[in-house]
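Novice: Protein sequences appear in the order of chains A and B. Take any residue in the first sequence, note its place counting from 1, add 5, and you have its number in the working numbering. Take any residue in the second sequence, note its place counting from 1, add 5, and you have its number in the working numbering.
Just so you know, these hints were derived from the structure itself, not from any lab. Mixed in with the good hints, there may be bad ones.
The list treats identical chains as one, so a pair stands whether inside a single copy or across any two.
Claimed, not checked - Here are the computed lysine-lysine pairs in the DSS-like style, where the Cα-Cα straight-line distance is at most 30 Å:
| # | residue 1 | residue 2 |
| --- | --- | --- |
| 1 | K273 | K17 |
| 2 | K17 | K133 |
| 3 | K17 | K185 |
| 4 | K38 | K133 |
| 5 | K181 | K38 |
| 6 | K395 | K181 |
| 7 | K181 | K273 |
| 8 | K395 | K38 |
| 9 | K273 | K395 |
| 10 | K185 | K38 |
| 11 | K38 | K273 |
| 12 | K395 | K185 |
| 13 | K395 | K133 |
| 14 | K181 | K133 |
Protein chains: 2
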Amino acid sequence: MASIAEKFETLKTDNAPGQETRQQAANLDDVIKGETLVGRPVDFSHGDVDAFEPAPGAFETFCDGVRAGARQAYTEYRGKEEIREALAERLADFTGAPLSGARELILTPGTQGALFLTIAATVGAGDKVAIVQPDYFANRKLVQFFDGEICPVQLDYLAGTDRAGLDLDELESVFKAGAKVFVFSNPSNPTGAIYSPDEIRAIAELASRYGVTVIADQLYSRLHYSDGGPYTHLRALAGSENVVTIMGPSKTESLSGYRLGAAFGPAKLIERMERLQAIVSLRAAGYNQSVLRTWLCEPEGWLEERIRLHQAIRDDLLATFRAADGIAVRTPQAGSYLFARLPALDVSPLDFVRILRRQADVIVTPGSEFSPHTLDSMRLNFSQDHAAAKAAVERIVELVERYRT
Amino acid sequence: MASIAEKFETLKTDNAPGQETRQQAANLDDVIKGETLVGRPVDFSHGDVDAFEPAPGAFETFCDGVRAGARQAYTEYRGKEEIREALAERLADFTGAPLSGARELILTPGTQGALFLTIAATVGAGDKVAIVQPDYFANRKLVQFFDGEICPVQLDYLAGTDRAGLDLDELESVFKAGAKVFVFSNPSNPTGAIYSPDEIRAIAELASRYGVTVIADQLYSRLHYSDGGPYTHLRALAGSENVVTIMGPSKTESLSGYRLGAAFGPAKLIERMERLQAIVSLRAAGYNQSVLRTWLCEPEGWLEERIRLHQAIRDDLLATFRAADGIAVRTPQAGSYLFARLPALDVSPLDFVRILRRQADVIVTPGSEFSPHTLDSMRLNFSQDHAAAKAAVERIVELVERYRT
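The following block holds chain A by itself, in its conformation from the complex (with noise of 0.2 Å):
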């Protein structure tokens, strides 16, 4: 088992999304070419709540919930039991299986927060993890937080849009090899790629067969284009049994800065996290819970408007990416991360990255927080004003012709 200074070597943050003001400047002046291009400064890290604001009645709600005191300052640590019954309804609607709010639901700080505690209370000292490559950099850094075993299975994301492209041969062997937890995003993140209703049936059925818990990160399901095809819920086909979803408004809904989110399953786990809220944070903030009231229920097409926007910001970067040679990047089929795969440059992947910080003003984050198969891609969160976005990746492209071998 790691020492607790070889576990915390493992949590690197250095190229994490939004850290990039604490990285040391590197050495770039031995490779670095050409002038600066000039433009308004885009962080892809992550997106940007002043182009895409808060869901409306966000900050409204929020106040109420000050104003009602202390009863919605304290609440249960899995969350305040009259949001939580109401949410679960939306969430069960949304999701097409049904959901106790009493008993199947927790409330927690973030999406974030909500994945810590599923993986805390489903894996142990030794267990072997089934993780996607790629996948959200914080899945392996939680497996490898609790002393798991990381099992890797690929993601062919490039091959097409008539599924995710996960290796079902390669997760099977891995099942059967005696993993517990299967942890995967969908729609996929980084590669906006969702998972087909063949493969989430597949997946469904061979967690029944070897027994595994299954933790659906489904953080961006809701911004769904009109062209990505059908979404399948995988609770719905599942079972609630040995499934727990993870979902929060931080994404689509733009209320990242109120740090909610939700996780529902089983009744056993859902005790557990519990357990562990109560000594990680008590709770997700009590006024901010007041937000959830909010979600799910959106004034009439307002989402749609969301969709719309982003889907026509993405088939811009989408042109602009692959007029250039050598560039490949899969069409999104939902949420807003796009995630390009760069042709053979110059300076080494995350060099281009620096660079593209100070000669482009662009911020990316680097492909090898998902994969170490992935170096050369890099990951876009296209949240951003449209024509801001734009020209940002005319600088990416113009550099990549700079730097490219």
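Chain A is already provided as a structure; the job is to place chain B on it using the hints.
Specialist: Below, chain B without anything else, positioned relative to chain A:
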């Protein structure tokens, strides 16, 4: 090492403060005596933020944070730099030792979040940790969660108020036996004791001699009564090398609904804690962090008035308890906890707590949460409406008389 199921068994929260609504109704019919005592319900398990409202300016500053948009919603994992820098100055002033906001401070979701990260960053599997009995229940649970080994050290808090009553010989034995970490609350939760300058000096000296990291939970150190004697900040005595201090605005300032806390100590440990926070909850909610702009710089006289009002409640409750035969209680020197030891009763201590709820509409936290040696005690958070608290303690005393052996 504990299995994951065993681990979560130790985390039971059935009797934890504020979670009483989820307790199964125990069958008290066989032991209950006499009639219900009518009175305004009081929940002593936590402070009443309707009776003592959030510190001035908090809400307005939150609203400013929301208006600031993206730059307040997304911050570094350790918290927004400008807020950390300003807060570090005020924390340095308050604790009497310099502090770098850039390197030595992390903002967390509540002080519970700070405590979790600190224990996680210092306690590995098998590590011995010195824990005071009685002390805040999460200390023990956190050590168990990380598979540490608890080494209890007794606090003879009823012996007088010239010192907290820590058994320093026992502390040294535990350090000698290889303890790596010592965690304690000062002022003490649940007893309200302040550690004397001599005790703090001894802790600093022993920690330095045996190379022990000390976690000082000073959550309640601002609510310091005029007759409470001197308060000594360990970090001012011990240097910053092996001390992590934890504070937050949830109690004295009634800002619990915003879930904000702070840990400050050696840069290397704060760095670890930030890495972990990145996978636990990302950050304290961005908008909420804004509220810390008002902390430790409230309007002149505000803190003094809050102390005066709490001291008056304290004195009334102490007088009521002490007028009864056989109830032992130390005069709290700081904070709003009061820990009362009851005489022998005809019912078990946990049943008596349930009887208080049923027959007196009063919620208290049972002594079993704080130490295996304080089953016959109960903790009251007296940050309540003054008259309601006094009447509730009169009902408690009446029921003590009714159930006395």
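Novice: Any hints this thing doesn't respect? Which numbers, in order?
Specialist: Of the numbered hints given earlier, those the structure breaks are 4, 5, 6, 9, 10, 11, 12 and 13, listed in rising order.
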